[in-house]
Amino acid sequence: MTTERTKLQLPKGMFPKLGKKNIILLILVAALIVVSLTVGIMDFWNIVLLQPMLNFLIVLSNVFFHNFGIAIIVLVIIIRLLMLPVSLKQLRSTKAMSSLQPKLQEIQKKYGGDKVKLQQEMAKVYKESGINPMGCLWPMLIQFPIWIALYQSVLKALAATPEELMSLSDRLYSSSYIIGSVPLNENFLWLNLGQPDKYYVMAVLVAASMWILQKMSTVPTSDPKQQSMNNMLTWMMPLMFGFFTISFPSGLAVFWLVSNIIGIIMQYFITGWGTLFKKAPKAVAPAAPNIPGTELPKGENLKGKEASGGVNQEGPADGQSREKRKDRRRSYRAGARRARRKS
Amino acid sequence: MIRYVSLKALRTRRLNAMKFKSVSALLVVICSCVLLTGCFGTSAAPKGWSGPVAFNGSLYVGAMSGKVVALDDIGADGNHYIRWTYPDETVISYIYSDPVIDGENIYVGCYNGKVYVLEANHGYRLWTYPSEDYVGAIVGSPAVVDGTLYFGSSDKKLYAINTTTRQQAWEPFETEGKIWSTPVVYNGTVYVGSFDHKMYAIDTESGTKLWEFSSGGAIAGTPMIYNDTIYFGSLDQKFYAVDIATGALREGFTPFKADNWFWGKAVAYNGNIIAASLDGKLYALDAESGSVVWEADAGGMIRGTPALVNNLIIVGTDEGSSRGKVYCFDADNNGQLVWEYPPADETMYSIQASIGSNGSVVYVHTTNQKIYAIDAENGIYLWTTSTGGGE
Chain A
1 MTTERTKLQL
11 PKGMFPKLGK
21 KNIILLILVA
31 ALIVVSLTVG
41 IMDFWNIVLL
51 QPMLNFLIVL
61 SNVFFHNFGI
71 AIIVLVIIIR
81 LLMLPVSLKQ
91 LRSTKAMSSL
101 QPKLQEIQKK
111 YGGDKVKLQQ
121 EMAKVYKESG
131 INPMGCLWPM
141 LIQFPIWIAL
151 YQSVLKALAA
161 TPEELMSLSD
171 RLYSSSYIIG
181 SVPLNENFLW
191 LNLGQPDKYY
201 VMAVLVAASM
211 WILQKMSTVP
221 TSDPKQQSMN
231 NMLTWMMPLM
241 FGFFTISFPS
251 GLAVFWLVSN
261 IIGIIMQYFI
271 TGWGTLFKKA
281 PKAVAPAAPN
291 IPGTELPKGE
301 NLKGKEASGG
311 VNQEGPADGQ
321 SREKRKDRRR
331 SYRAGARRAR
341 RKS
Chain B
1001 MIRYVSLKAL
1011 RTRRLNAMKF
1021 KSVSALLVVI
1031 CSCVLLTGCF
1041 GTSAAPKGWS
1051 GPVAFNGSLY
1061 VGAMSGKVVA
1071 LDDIGADGNH
1081 YIRWTYPDET
1091 VISYIYSDPV
1101 IDGENIYVGC
1111 YNGKVYVLEA
1121 NHGYRLWTYP
1131 SEDYVGAIVG
1141 SPAVVDGTLY
1151 FGSSDKKLYA
1161 INTTTRQQAW
1171 EPFETEGKIW
1181 STPVVYNGTV
1191 YVGSFDHKMY
1201 AIDTESGTKL
1211 WEFSSGGAIA
1221 GTPMIYNDTI
1231 YFGSLDQKFY
1241 AVDIATGALR
1251 EGFTPFKADN
1261 WFWGKAVAYN
1271 GNIIAASLDG
1281 KLYALDAESG
1291 SVVWEADAGG
1301 MIRGTPALVN
1311 NLIIVGTDEG
1321 SSRGKVYCFD
1331 ADNNGQLVWE
1341 YPPADETMYS
1351 IQASIGSNGS
1361 VVYVHTTNQK
1371 IYAIDAENGI
1381 YLWTTSTGGG
1391 E
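In order, the protein sequence lines correspond to chains A and B. Numbering-wise (our numbering), the first sequence opens with residue 1 and increments by one. Numbering-wise (our numbering), the second sequence opens with residue 1001 and increments by one.
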């Protein structure tokens, strides 16, 4: 009697091939989850991120003449430098995304009504140009906890209230160099770092620098939804942080301001001034979908703008095709001149 | 029937829908920011940690609700009741200072930068200093001796106010750091610690500095005077003994180093100085040499001043996660644990305030705005009352 053994075969492509980088990343994430579940998420956060940063901040304050304001500035610069490769990756990814905008805009114009086709075409463009649309997300996610830890360490080191000072005692390393210097000197320029700036100068500076950074880093888009979102973020974020600056200790305002200034410098070297001195491209409404109930009565034609989908023909894509036409004309004329000379 | 809609109208509708989505997204951003601020904002909001003070059968405390509260009938029978609160309707500010009773008057320093002087029987306000303006936030308790009110402030100054004229007895004495320490007056000299790491001795008549002693860290705690020596702990984790005449470190005394800061006031018992540290331990140090006679572990941070009832030392702890406990140690028996409250199957909120006592009952002010009365001898729970608004 023969037994028939069947092999269990998984469909091809069910498990995507994992690159070396992804395997390392997965192992790291798994290790982080295991460790944080073992020691407790908050303890893990405190031991691995918050406490080292907080104690380093206090050491910096001691090194820089017991000036906590300078310590904040130096720490922000150090953290920015350490995260430079990740930040550059994010900025370059954003820049690449922005360079794809004309192509994407064209596709949107073409397939705006058919969402499936639109997605397919967009994926195709991304694949062809070798850009991962989520490429700027990972660097951002990696930086996020570090920024929160930095923010928390500035806030905790300030220890503005008696309760905060008491809770600070639990987070300091037992070195007399660190312990002896707490509470920190709160005076910096005209500011008391533990109190909000009573002259509102920092609120204005933080809001203005954040507006510039937002303006520079905004990816130009012709999608009206995205554009209105960008516009709102450009105004809302500076306003919100300006408001926070009025109500939070001014040490945090120093942290936000320095961080924004460094962000502006980095952004300038990667993307230039971005949309800071440019007008955003005009909004392009997606082409009308072919939905029942939207059919036009027989014999009625759409004219003018409506016939072309209400699209304003000005924009980067249109500019590019104009350039192409010019090039074609130029090469035609050159060819004609050569033919004349020969004859 | 097919309904025809013009493309223009359709686009307007779509744009409106987009606008709605954008506004929703914006709302999400704002809510997230608020949440983030809540999560990552100020972790320890100010509440106050005024210790209860028992006097003539009444108990006075600065409640965490921002009011001064007077309780009557505070004995073991549980007939206690609130006699008055000040102010009735509104609140003053956070109160870290223990109330100080001088005759018929109660003095309370507040975080809003004012000292309130109240009438003890009915709780109405007699006067405040400053009357109109504010000085820096007041965290330490005031001291009232011979008609002069002394208090330190976060504006780095020590004030001396004549309680009759309500005017400054002398120009405020300025240090280089905040003064959260309670001043102690002894033999015509006021002693106060500052965040500039120094302990100062100031003449009560003229307000001039007699001497200063530099420690390795900020001094937030209240000094204690015993045998012509001033004992105090510092945020450099060390406990010092300084000669009150010369301002030099007491001869033969080696500063004792704990594993965390000293904040509360020490108590003297039988030739020993008993000091509590934020490392969760109670240290009995030899008053002459500073060597450890015994130590007792309370397991949580001890910020306030312990209560001394006969030979018993009672401390309140903050164990983190809003939990705390009261411990009683026997000073005659090398700090052996006598009792602890609450028992293992119950919980209590953390204690940051000093422990009050009337000689037989101890009063504990917890961070959920409650006063617990516990029998000092055996740790039996007697009663509890809310000072307003707590859980």
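It is worth saying that the hints were derived from the structure and are not from the lab. Check each hint, because a few of them may be wrong.
As the list claims (entries may be wrong) - Which bits of chain B does chain A cover? Going by a derived footprint, with three or more residues having C-beta under 8 Å, they are: (1) 1156-1162; (2) 1206-1219; (3) 1229-1238; (4) 1243-1255.
Model, not experiment: these values are computed from the prediction. Think of the CB as a built atom: it goes at the ideal place given N, C-alpha and C, for glycine as much as any other residue.
Coverage of the stretch 1206-1219 of chain B by chain A, judged on three or more residues with CB within 8 Å: holds (count 3)
Claimed coverage, the stretch 1243-1255 of chain B by chain A - three or more beta carbons nearer than 8 Å: Since three or more residues must qualify, the claim that chain A covers the stretch 1243-1255 of chain B is violated, with 0 doing so at under 8 Å.
Chain A over the stretch 1229-1238 of chain B, status - at least 3 residues with CB closer than 8 Å: holds (count 3)
Coverage of the stretch 1156-1162 of chain B by chain A (three or more Cβ within 8 Å): violated (count 0)
Violated hints, in rising order: 1 and 4; the structure is consistent with all others.
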